[in-house]
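*Asks:* One letter stands for each residue in the lines below.
There are 2 protein chains.
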Amino acid sequence: MLSNDTRFIVDWPINRVLLMNDKNYPWLILVPRLEGLRDFHDVPREQEGAFVAEINHAARTLKSITGALKMNTAALGNMVPQLHVHVIARYDTDFAWPGPVWGKQAAVPYADGEAERLIQRFIQSAE
Amino acid sequence: MLSNDTRFIVDWPINRVLLMNDKNYPWLILVPRLEGLRDFHDVPREQEGAFVAEINHAARTLKSITGALKMNTAALGNMVPQLHVHVIARYDTDFAWPGPVWGKQAAVPYADGEAERLIQRFIQSAE
Numbered sequence: 060m061l062s063n064d065t066r067f068i069v070d071w072p073i074n075r076v077l078l079m080n081d082k083n084y085p086w087l088i089l090v091p092r093l094e095g096l097r098d099f100h101d102v103p104r105e106q107e108g109a110f111v112a113e114i115n116h117a118a119r120t121l122k123s124i125t126g127a128l129k130m131n132t133a134a135l136g137n138m139v140p141q142l143h144v145h146v147i148a149r150y151d152t153d154f155a156w157p158g159p160v161w162g163k164q165a166a167v168p169y170a171d172g173e174a175e176r177l178i179q180r181f182i183q184s185a186e
Numbered sequence: 060m061l062s063n064d065t066r067f068i069v070d071w072p073i074n075r076v077l078l079m080n081d082k083n084y085p086w087l088i089l090v091p092r093l094e095g096l097r098d099f100h101d102v103p104r105e106q107e108g109a110f111v112a113e114i115n116h117a118a119r120t121l122k123s124i125t126g127a128l129k130m131n132t133a134a135l136g137n138m139v140p141q142l143h144v145h146v147i148a149r150y151d152t153d154f155a156w157p158g159p160v161w162g163k164q165a166a167v168p169y170a171d172g173e174a175e176r177l178i179q180r181f182i183q184s185a186e
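Protein chains in written order, with our numbering: chain U, 60 to 186; chain S, 60 to 186.
A hint or two may mislead.
[Said to hold, decoys possible] Using C-beta positions, here's what the derived DEER-type ranges look like:
1. A170/U - N83/S: 36 to 44 angstroms
2. E186/U - N63/S: 39 to 47 angstroms
3. P168/U - N83/S: 44 to 52 angstroms
4. T152/U - R104/S: 27 to 35 angstroms
5. S123/U - R176/S: 19 to 27 angstroms
6. E175/S - I124/U: 45 to 53 angstroms
7. E173/S - W161/U: 46 to 54 angstroms
[As the list claims (entries may be wrong)] Sample of chain U residues facing chain S (criterion: CB under 10 angstroms; computed from the structure):
8. F99
9. H100
10. V102
11. N115
12. K122
13. I124
14. T125
15. M130
16. T132
17. L135
18. G136
19. R149
20. P157
21. P159
[Said to hold, decoys possible] Listed next, the in silico DSS-like pairs over lysine-lysine satisfying Cα-Cα at most 25 angstroms (straight line):
22. K163/U - K129/S
23. K163/U - K163/S
24. K129/U - K122/S
25. K163/S - K122/S
Calculated directly from the structure, the hints in this document are not laboratory data.
All C-beta atoms in this analysis are idealised placements derived from N, C-alpha and C, irrespective of residue type, glycine included.
My request is simple: use the sequences and hints to build the entire structure.
*Replies:* Next comes the structure, spelled out in structure tokens:
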């Protein structure tokens, strides 16, 4: 999933930031570039602060550029064991609202240029 | 939901720790005792470290006493707007595996004494 269903956005000091290729929801995946992590609590203490700061910076930025009502921040990883954190912009008009987004409907890939525009807005706003 | 469907476990410096009254999954809810928070990234920076340390301590403790395969750590809050973090012990034999637990089946309340025993084990192991 992590490489097949996503687009690369940027590498931050701790996390690789990916965009889920599903235009149903503006949806980031943050993957810490550290070996052998599975659970959220597996991040070493000395990196925990920077790890969480990046997750929160990603969430604030995505909320700001999308005007989302609510952000969902979640580390599940039952299907893909490598630790990754979902940061998802939610609206009370989205398909899955108010339920979680997983497993509700098939992903709808972005059309040509749409993902690139969102990625560029994210990178510029996150600076 | 937060008071009707849960049992009180303990107050930590940042979070109130609750047990979901659903024996399908060992499932904690951590609620920061701060006013006006909705998203995970709303926790003030000066409390972010302690907030996350408590979440991770809860997850490590619950994983240890339950022997779970995987922990799910998630702040969704689409239905109950007040910020709360789910810490859920997962097994590859549980009902929802490998999907998320939300909305899969009705909660099964603990029988008399069962929740109390889990709460006591959690409190002792978390010390």
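*Asks:* Decide, hint by hint, whether the structure agrees.
*Replies:* Here is what the structure says about each hint:
Checked against the given bound of 36 to 44 angstroms, the beta carbons of A170/U and N83/S, roughly 40 angstroms apart, stay inside it. Between E186/U and N63/S the CB atoms are about 44 angstroms apart, so this pair conforms to the stated range of 39 to 47 angstroms. Separated by about 34 angstroms at the C-beta atoms, P168/U and N83/S break the suggested range of 44 to 52 angstroms. The supplied range of 27 to 35 angstroms is met by T152/U and R104/S, whose beta-carbon atoms lie about 31 angstroms from each other.
Checked against the hint of 19 to 27 angstroms, the pair S123/U and R176/S fails, with Cβ atoms roughly 46 angstroms apart. A hinted range of 45 to 53 angstroms holds for the C-beta pair E175/S and I124/U, which are about 47 angstroms apart. For E173/S and W161/U, the hinted distance range of 46 to 54 angstroms is not satisfied, since their beta carbons lie about 29 angstroms from each other. Interface hint at F99/U: satisfied, since its Cβ lies 4 angstroms from the closest Cβ of chain S, which is below the 10 angstroms cut-off.
Evaluation of the H100/U hint against chain S yields a held restraint, the C-beta minimum of about 4 angstroms falling below 10 angstroms. Because the smallest distance between the Cβ of V102/U and any Cβ of chain S comes to about 8 angstroms, under 10 angstroms, the interface hint for this residue holds. At a threshold of 10 angstroms, the smallest CB-CB gap from N115/U to chain S is about 4 angstroms, leaving the interface hint in force. At about 7 angstroms, the closest approach between the beta carbon of K122/U and any beta carbon in chain S falls short of 10 angstroms, and the interface hint on this residue holds.
Checking I124/U against chain S: minimum C-beta separation of about 14 angstroms lies over 10 angstroms; hint violated. Given the 10 angstroms rule on beta carbons, the hint for T125/U is violated: about 13 angstroms separates it from the nearest Cβ of chain S. At its closest, the beta carbon of M130/U sits 5 angstroms from a beta carbon of chain S; the interface hint therefore holds under the 10 angstroms criterion. Below 10 angstroms, beta-carbon pairs count as interface contacts, and T132/U has one with chain S at about 4 angstroms; its hint therefore holds.
With 10 angstroms as the threshold, the beta carbon of L135/U comes within range of chain S, its nearest partner Cβ sitting at about 5 angstroms, so the hint holds. Of the supplied interface hints, the one on G136/U holds, with its beta-carbon coming within about 7 angstroms of a beta-carbon of chain S, less than 10 angstroms. For R149/U, the shortest C-beta to C-beta distance to chain S is roughly 6 angstroms, which falls under 10 angstroms, so the interface hint holds. The interface hint given for P157/U is met, as the beta carbon of that residue sits about 4 angstroms from the closest beta carbon of chain S, less than 10 angstroms.
Here the hint on P159/U is kept, as its CB sits about 5 angstroms from the closest CB of chain S, short of 10 angstroms. Distance check on the hinted pair: K163/U and K129/S sit about 22 angstroms apart at the alpha-carbon level, within 25 angstroms; holds. With a C-alpha separation of about 12 angstroms, the suggested pair K163/U and K163/S falls inside the 25 angstroms cut-off, and the hint holds. For the proposed pair K129/U and K122/S, the alpha carbon gap of about 29 angstroms is over 25 angstroms, so the pair is violated.
At roughly 22 angstroms between alpha-carbon atoms, K163/S and K122/S fall within 25 angstroms of each other, so this suggested pair holds.
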